[in-house]
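Colleague: Required output: the full structure, derived from the provided sequences and hints.
Number of protein chains: 2
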Amino acid sequence: MGVGDVSKRILLGRKLRSTQLGETLLPKRVALPVFASDALSSVAYAPDEIFIMLSFAGVAAYSWSWKIGLLVALVMLTVVASYRQNVHAYPSGGGDYEVATVNLGQNAGVTVASALLVDYVLTVAVSISSGVQNAAAALTFISGNEALVASVLVLLLAALNLRGVRESGTFFAIPTYGFMLAILGMCAWGFLRLLSGTLPDAESAELRIIEAEGYEGTITTVALVFLLARAFSSGCAALTGVEAISNGVPAFRKPKSRNAATTLLLLGLIAITMMLSVITLANRMSLRYVDPHDFERLILPSGEPVPPGYDQHTVIAQIARGVFDNFSPGFYFVIAMTGIILVLAANTAFNGFPVLGSILAKDGLLPRQLSSRGDRLAYSNGILILALMAIGLIVAFDAEVTKLIQLYIVGVFVSFNLSQLGMIRHWTRHLRTETDPAVRRRMMRSRAINTFGLGMTAVVLVIVLVTKFLAGAWIAILAMGTFFMIMKAIRRHYDNVGVELTIEEDDQVLPTRVHAVVLVSKLHKPTMRALAYAKASRPNVLEAVFVDTDSAATARLLEEWDDRRIDVPLKVLYSPYREIIKPIVDYTRSIRNANPRGVVAVYIPEYVVGRWWEQLLHNQTALRLKGRLLFTPGVMVISVPYQLRSSEVAKQREERLLHQAQAGDVRRGRVLSDQVKDRTSEDR
Amino acid sequence: MGVGDVSKRILLGRKLRSTQLGETLLPKRVALPVFASDALSSVAYAPDEIFIMLSFAGVAAYSWSWKIGLLVALVMLTVVASYRQNVHAYPSGGGDYEVATVNLGQNAGVTVASALLVDYVLTVAVSISSGVQNAAAALTFISGNEALVASVLVLLLAALNLRGVRESGTFFAIPTYGFMLAILGMCAWGFLRLLSGTLPDAESAELRIIEAEGYEGTITTVALVFLLARAFSSGCAALTGVEAISNGVPAFRKPKSRNAATTLLLLGLIAITMMLSVITLANRMSLRYVDPHDFERLILPSGEPVPPGYDQHTVIAQIARGVFDNFSPGFYFVIAMTGIILVLAANTAFNGFPVLGSILAKDGLLPRQLSSRGDRLAYSNGILILALMAIGLIVAFDAEVTKLIQLYIVGVFVSFNLSQLGMIRHWTRHLRTETDPAVRRRMMRSRAINTFGLGMTAVVLVIVLVTKFLAGAWIAILAMGTFFMIMKAIRRHYDNVGVELTIEEDDQVLPTRVHAVVLVSKLHKPTMRALAYAKASRPNVLEAVFVDTDSAATARLLEEWDDRRIDVPLKVLYSPYREIIKPIVDYTRSIRNANPRGVVAVYIPEYVVGRWWEQLLHNQTALRLKGRLLFTPGVMVISVPYQLRSSEVAKQREERLLHQAQAGDVRRGRVLSDQVKDRTSEDR
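Chains as they are written, first to last, in my numbering: chain A, 76 to 759; chain B, 76 to 759.
This list has only true hints and no planted wrong ones.
Intra- or inter-copy, both count: the list cannot distinguish identical chains.
Within a straight-line C-alpha distance of at most 27 Å, the following computed DSS-like cross-link-like pairs (lysine-lysine) qualify:
| no. | residue 1 | residue 2 |
| --- | --- | --- |
| 1 | 329 | 437 |
| 2 | 726 | 701 |
| 3 | 597 | 610 |
| 4 | 597 | 437 |
| 5 | 478 | 142 |
Don't read these hints as lab results, they were simulated from the structure.
Modeller: As C-alpha cells, then:
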C-alpha cells in the first residue's frame with residue numbers, strides 16, 4: 076500500500092463560507108466609485124499646482140495652462156491605455172507589483188512595492204491637506220490651524236478603519252457620484268454662463284501678479300522650459316490613483332478584465348474632462364493663484380501687496396463662488412463634495428495598505444502573519460504606521476499641498492515605469508511561443524501600447540526627478556530606499572530560515588519514548604484535567620511535579636494527593652529561593668539528558684479567563700515557563716486549558732472581531748455574509 | 076497497594092543551590108547598615124521640620140525644640156521596645172503585615188499593607204527631595220531646579236534597580252557608617268568647641284524671625300498647644316524606617332531574633348543621639364530656620380526681609396558650616412554623607428517594595444507571579460510604578476520636604492498602631508494556654524510593653540491626623556484606600572476562582588480517546604518534528620491538517636507529502652478568504668462535537684528564534700491560534716519547538732537575567748553564588 080493512498084484528503088470549506096465572509100462582485104457602476112476617488116480627487120489640487128508654478132512668470136504665463144493641461148491629459152490617456160493591457164494580462168489583482176516581479180524579477184517588484192507604500196502615505200497626507208485647505212474656504216476657523224485639523228482628521232480615519240468600517244458600494248458611490256455631479260455641473264453651468272456672457276470674474280481677478288525673483292522681464296527659453304516642466308510635473312499629480320483598478324480586477328463582475336478595462340477608460344475620460352474644464356474656466360474667469368508663501372507677489376488694485384493674512388481660496392472654491400454667485404447652495408455643495416472626496420481618497424490608502432501588505436507578506440517580504448485575514452494585531456499596526464507617517468509629513472510640511480506634492484509623484488511614476496517595462500517583457504515572452512496570427516497581432520498591438528506608455532512615463536519620470544528632486548522628491552526616494560532595504564532583509568531572513576529548516580534524512584526518526592511531566596501548583600480542576608489528559612495520552616513515564624517554595628504548602632499538597640488517591644507519582648522539587656521556573660527547566664533538562672533520544676512532554680494546566688486584568692492575575696508564571704521550555708531541546712509543551720466562566724466574555728469578543736469588517740474588503744470583493752444574501756439577488 | 080505508596084517523593088534541591096542563589100546571614104555589624112539607612116537618614120530633615128513649625132511663633136518658641144526632641148525620642152524608644160517584642164514573636168520576616176493579619180484578620184493586614192505601600196512611595200519622594208535640598212548647600216546650580224534634579228535621581232535609582240544592583244554588606248556599610256561618623260563626629264566636635272567656648276554662631280544667627288500671621292504677640296494656650304503638636308508630629312518623621320528590621324529577621328545570624336532585637340535597640344539609640352545632638356547644637360548656634368515660602372518673615376539686621384532668592388541651607392548644613400568653619404573638608408564630608416544616606420534610604424524603598432509585594436502575592440492580594448523570584452517582568456513593573464508615583468509626588472509638591480512630610484507619617488503610624496494591637500492580641504491568646512509561670516511573666520511583660528506602645532502610637536496617630544489631615548495627610552489616606560480596594564478586589568477574584576476550581580467527583584474521569592491533529596504550514600524540520608512527537612505519543616487518531624489559502628501551494632504540499640511517503644493522513648481545510656485560524660478552530664470543534672468524551676490534541680510546530688524582530692516574523696499566527704484554541708473545551712495545545720540557530724542568543728540572555736542580582740536580595744539574606752564562597756569563610 077503506497078503511502079499516498081493512506082492520505083485522506085478532504086476538501087472542506089464551501090459550507091464554511093456562509094458562516095463567515097461572503098463575496099459580491101461589483102458591477103461597473105459600483106466599481107467606478109469604489110476605485111475612482113483617489114484618481115478623481117486630484118482635480119481638487121492638480122490645477123492649483125499648475126497655476127502656482129506658472130505664476131512665477133506672471134499672469135502672462137497662465138496662457139500655457141491649458142497646453143499643460145492637454146499634455147497631462149495625453150499622459151493620462153497613455154497610462155490608461157497601458158493599464159488596460161495590464162488588466163487583461165494580469166487579472167489576478169497583483170497590479171504593478173505582480174507585473175514587475177513576474178517579468179523583471181524580485182528587485183523590481185520590491186522597488187514597485189516600496190514606491191506604492193510611500194505613495195499610500197503621501198496619498199493620505201496630500202488628500203487630507205488639500206481637503207482641509209479646501210474646507211477653509213467655507214469654514215474660516217480652519218485658517219492657520221491646517222496642520223492640526225489635518226492631523227486630527229488622519230487620526231479619525233485611522234480610528235474608523237481600526238474599528239472596521241462596514242464598507243459597501245453605497246459608501247463609495249454617493250460621495251464619488253456627488254463629486255462628479257458637483258464639478259461637472261459647476262463646469263457646465265459655468266460654460267453656459269460663459270456662452271451667455273454672464274460669467275463673472277473670479278474673486279482674485281482684480282489682483283496683479285508680480286513675477287518671482289529670476290523670472291522678471293523677458294525670461295530665457297531655458298528658464299521658461301524649466302518652469303513649464305515644473306508646472307507639468309505638478310499637474311501630473313492628476314495621474315495618481317489611476318493604477319488602483321489594476322489591483323482590483325478580481326472584485327469585478329465577469330468578464331472581469333473587460334469590465335475593468337472599460338471602467339478604467341471611463342475613469343480616465345471623466346478625470347480629463349474635469350481637469351480641462353476647471354483649467355479653462357479658471358482662465359476665463361481671470362483667476363489669480365500663487366504659492367501661499369508668495370503673497371507679497373500678489374498686488375491689490377491700489378498697488379500694495381495683499382495683506383499677509385490674505386485668505387487665498389482654492390481654484391475650485393474660487394470658480395464655484397463665481398459660477399454660483401447667485402446660488403450659494405451650489406457653492407457649498409461643491410466645497411462639501413470636494414472635501415468629502417478628498418477624505419475618501421485618503422481612505423483608499425487605508426484600504427490599499429493592508430491589501431498590498433497581505434500580498435507582500437505572502438511573498439515573504441513582510442511578516443507572514445499579514446497574509447492571513449483576521450490577524451487584527453498586524454493589521455492594526457499597519458493602519459497605525461500609515462497614520463503616523465502621514466501625520467509626520469503633515470506636521471513637517473505644515474499641511475501645505477504645494478510642498479507635499481513635490482514628494483508625491485515620484486513613487487507613482489516609478490511604479491508606472493517598471494510596470495510598463497514588465498508588460499513589454501511579458502508580451503515579448505508570450506510572442507516567442509504564440510503562433511495564432513490573430514493573437515500575435517493583438518499582442519504586438521498591446522506591446523506597442525505599453526512601449527509608448529513606457530516612453531511617455533519615462534520622460535515624465537525624468538522631468539519629475541529633475542524638477543522636484545531637491546524640492547522634496549529626495550525624501551520620497553529615501554523612504555522608498557528604506558522600505559526596500561527592510562523588505563529585502565525580511566525576505567533574506569525567511570530564506571535563511573527556510574534553508575535551515577529544509578528536511579534532512581534523519582528528520583523522520585521517531586523519539587524512543589515519551590516522558591510526561593504534569594506541573595502541579597495546586598490540586599484543583601485544571602490540575603485534574605491535565606492529569607487526565609496526560610494519562611489518556613499514555614506516555615511511557617508519567618509523573619506530576621510540584622515546586623516546593625513553602626514547606627507548609629508542600630505538606631498540605633502531599634496529604635491531599637494521598638487523600639484523593641491520585642495514581643500518578645508526585646515529584647517535589649525543592650526551591651529554597653521561591654523560584655519556580657529554574658527548577659522545572661533544570662529537571663526537564665536532566666530527564667532529556669538521561670534519555671537523549673526520548674522526548675519530554677510537559678503538561679501545563681492553564682486557566683482561561685476573559686478580562687485583561689484577570690489575565691494579569693493568572694498564567695503569568697506558566698507563560699514565562701513556556702517561554703523558557705521552548706529553548707530546551709527535546710521538550711514539547713502541552714497547554715491544558717481550563718475555561719473559567721469569565722472566559723465566555725473573551726470568546727464572544729473574539730467572535731465579534733472575526734466577523735468585523737476590515738478596510739479594503741469591498742476592493743477585494745468581500746462583504747460580510749449577512750450582506751451577501753441581500754445583494755446576491757440584486758447583483759447577479 | 077495504597078495509592079500513597081505509589082507516589083514517589085524525592086526532595087531535590089540542595090545541589091541546585093550552588094548553581095544559583097546562595098545565602099549569607101548577616102552579622103549585627105553588617106545588618107545594622109543594611110536596615111538603618113531609612114531610619115537614620117530622617118535626622119537630615121526631622122529637626123528642620125521641628126524648627127520650621129516652631130518658627131511660626133517666633134524665635135522664642137525655639138526653646139521648645141529640645142522638649143519636642145525628647146518627646147520624639149521617647150516615642151522612638153517606645154516603638155523600639157515594642158518592635159523588639161514583634162521580632163521575638165514573629166521571626167519569619169512578615170513584619171507588621173503578618174502581625175496584623177494573623178491577629179486582627181485580613182482587613183487589618185491589608186490596611187497595614189496599603190499603609191506600607193504608600194510609605195514606600197513617600198520614602199522615595201521625601202528622601203530624594205531632602206537629599207537634593209541638602210546638596211543645594213554645596214552645589215548651587217541645584218537651587219531652583221530641585222524637582223527636576225530629584226526626578227532624575229529617582230529615575231536613576233529605578234534604572235539601577237531594574238538593571239540589578241549587586242548588593243552586598245559593603246554597599247550599605249560604607250555610606251551608613253560614613254553618615255554616622257559624619258554626624259556624630261560633627262556633633263562631638265561641636266560640643267567640644269561649645270565647652271571650650273569657641274563654637275561659632277550659625278550663618279543665620281543674625282537674622283530675626285517675625286511671627287507668622289495668627290501667632291503675633293502673646294498667643295493663646297490652645298494655639299500654642301496646636302503649634303507644638305504640629306512640630307511634634309513633623310518631628311515624628313524620625314520614626315520612619317524603624318520597623319524595617321522586623322521585616323528582615325530571617326537575614327540575621329542565629330540567634331536571629333535576639334540579634335535583630337539588639338540591632339534594633341542600637342539603631343534607636345543612635346538615631347536618638349543624632350537627633351538630640353543636632354537640635355541642641357542648632358539652638359546653641361542660634362540657628363534660624365523658616366519655611367522656604369515664608370522668607371518675608373526672616374529679617375536682616377538692617378530691618379529688611381531677606382531677598383526672595385535667599386538660599387536657606389538645611390539645619391545640618393548650617394551646623395556643619397559653623398562647626399567646621401576652620402576645616403572645610405569636614406563640611407563637605409557631612410554634606411556628601413548626608414546626600415548619600417538619603418539616596419540610600421530611597422533605595423531601601425526600591426528594596427522593600429518587591430519583598431512586600433512577594434509576601435502580598437503569596438496571600439493572593441497581588442498578582443501571584445510576584446511571589447516567585449525571577450519574574451522580572453512583574454518585578455520591573457513594580458519598580459517602575461514606585462518610581463513614577465514618587466516622581467508624581469515630587470513634581471506635584473515641587474520637591475519641598477516640608478509639604479511632602481505632611482503626607483508621610485500617617486502611613487507609618489497606621490501600621491505601628493495595628494501592629495501593636497495585633498501583638499497585644501497575640502500575647503493574650505498565648506497567655507490563655509501558657510502555664511509555665513516564667514514564660515507567662517515574660518509574656519505579661521511583653522504585653523505591657525506593646526500596650527504602652529499602642530497607647531503612645533495611638534496618641535501620636537491622632538495628633539498627626541488632627542494636625543496634618545488638611546495639610547496633605549488626606550492624600551496619603553486616599554492612596555491607602557485605593558491600594559486597599561485593589562488588593563481586596565484581587566483577593567476576591569482569586570477566591571472566586573478557587574471556588575470555581577474546587578475538585579468535584581467527576582473530575583477524575585479519563586477522556587475516552589485522543590484525536591491528534593498536527594498543523595502543517597509547510598513541510599520542513601519543525602513539521603517533521605511535530606509529526607514525530609505526535610506519533611510517539613500514540614494517539615487513537617492522528618492526522619495532519621493544512622489550511623488551503625492558495626491552491627498552487629496546496630498542490631505542491633500534497634505532492635511533497637507523497638514524495639516523502641509520510642505515513643500520516645493529510646487533511647486539507649479549504650479557506651477561500653485566506654483565514655487560517657477560523658477553519659482550524661471550527662475543525663477541532665467538529666471533532667470534539669463528534670466525540671464529546673474524547674480530547675483533541677493540537678500539535679503546533681513552532682520556531683524558536685532569538686531576536687525580538689525575528690519573533691515578530693514568526694509564530695504570530697501560531698500564537699493567535701493558541702489563544703483561540705484555549706477557549707475551545709476539550710482541546711489541548713501542544714507546542715513543539717524547533718530551535719533555530721539564533722535562539723542561542725535569547726537562551727544566553729535568559730540565563731544572564733536569571734543570575735542577575737535583584738533589589739532586596741541582601742535584605743532577604745540572599746546573595747549570588749560566587750559571593751557565597753567568598754563570604755562563607757569570612758562570615759561564619
